[in-house]
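Protein sequence lines correspond, in order, to chains A and B. Each step along the first sequence adds one to the number in the working numbering, with nothing skipped, and position 82 is 82. Whatever position you read off the second sequence (first residue = 1), add 1000 for the working numbering.
Keep in mind the hints are simulated off the structure, nothing from the lab. Check the hints yourself; a few may be wrong.
Said to hold, decoys possible - Quick partial rundown of chain A residues pointing at chain B, CB under 7 Å, derived from the structure:
#	residue
1	V43
2	S47
3	T94
4	L141
5	A143
6	A146
7	S149
To be verified - Have a look at the derived ranges for each label pair, beta carbon to beta carbon:
#	chain 1	residue 1	chain 2	residue 2	range
8	A	S149	B	P1038	21 to 31 Å
9	B	S1139	A	P44	20 to 30 Å
10	B	T1019	A	A29	29 to 39 Å
11	A	G175	B	V1127	32 to 42 Å
12	B	G1100	A	V133	30 to 40 Å
13	A	T77	B	S1139	48 to 58 Å
14	B	D1017	A	R23	21 to 31 Å
15	B	E1131	A	A62	37 to 47 Å
16	A	E30	B	Q1014	37 to 47 Å
17	A	E30	B	V1127	33 to 43 Å
18	B	D1109	A	A172	39 to 49 Å
19	B	G1100	A	A62	19 to 29 Å
C-beta: ideal position from N, C-alpha, C; glycine also.
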Amino acid sequence: MDDPRPAPVGAGRDERWDERRARTAGLLAEARAGRTEALGELVPELSPMLWQVARSAGLTAADAEDVVQQAWLRLVTHLDQLSQPSSVASWLVTTTRREAWRRRSAGRRQFPAEQDWLAALPDRDPDAAEQAVLDEERRELWAALAQLSPRCQQLLRIVAFVPRPDYDAVAAGLGIPRGSVGPTRGRCLAKLRAILLEGEEGSTDEQPGR
Amino acid sequence: MNNPDADGLATANQPVDETDFVILGRVRQLFDETDPMPADLPGRIRFALALRDLETEMARVAADEDAPVLAVRGEERSRTITFESDSLVIMIRVGANPDGTARLDGWLDPPGARQVEVSASGTPLAVLADEDGRFAFGSVPRGRAQLTVRPESPGPPGGRAVVTPELIL
């Protein structure tokens, strides 16, 4: 509950990632051979990311569900476009985004005021001291996000849900420049980080001499 | 440093590191709390994918039945419903368990040791019908459910899975 780290890192990581890659490749091969439902095994892990893609584009919950499901069904007929297992997540994000934009511009729903979702911070039980600390952290994060452009808010909301092994490919697909060793932080994340680190007292993190 | 934008831009081209992933983890937690994906969405997507399989045969509700919605309330009630497809008849009886879940007893005609799956609340349950075509699910969560009957394996070539319409248990 109080461990905010997205995924364990360190020893064994590459091995696990290789395993996952091999598993995905196997599922794609099964699906190409006609067993579509093999792709279903990828659904639980990747769908929360796609949900955020659709919602951050301003779709209603019902439209978001529909768009996410459509993206998966479309994957079935575009399996030949996926040369590598690592491109599945990125392909799904791109497809979901495109369809979400299309629906939004088709006027199914007006785009919400830019920071509507920022206003939706739910109330929590104010009694627990632990909860108060969590709330404080959340408020701080919320305030930091509110300082970013709508485009950055949307981007970070998506990127935060990308499984670690897919981060490289999805970030590239979202236009975050790639460095020599992998994805760069990109402007949006760099800004959020700077705001958060500035908020912490005496933040010395890699700032001196720069 | 009062200008976070300048700060941010200065480090934008550095590689992502663990601190970044901790921050992203917090962002994820925030949206997991404020706008979570509906819990049953993955299950419905998986089912839609399963339906895409071309070898699927759709069963329909036999003519003399009520709408394909089974409401089972109270322990005393149980209902029977029959589905037909080109190759198979599936009959099920739905009863209520004291714990609020549903019990499904079913028969296949023609009989055969085929795998029967019920997708309910996202997690498919599977049982094997016996040689007489009987099968049973002792406890199925209430809610939307759908039955899939797999071809016999090994079986005659061209065997197809049969899928029923959605039920509300």
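| request: Quick one: which hint numbers does this structure break? Sort them smallest to largest. | output: 3, 5, 6, 7, 11, 13, 17 and 18
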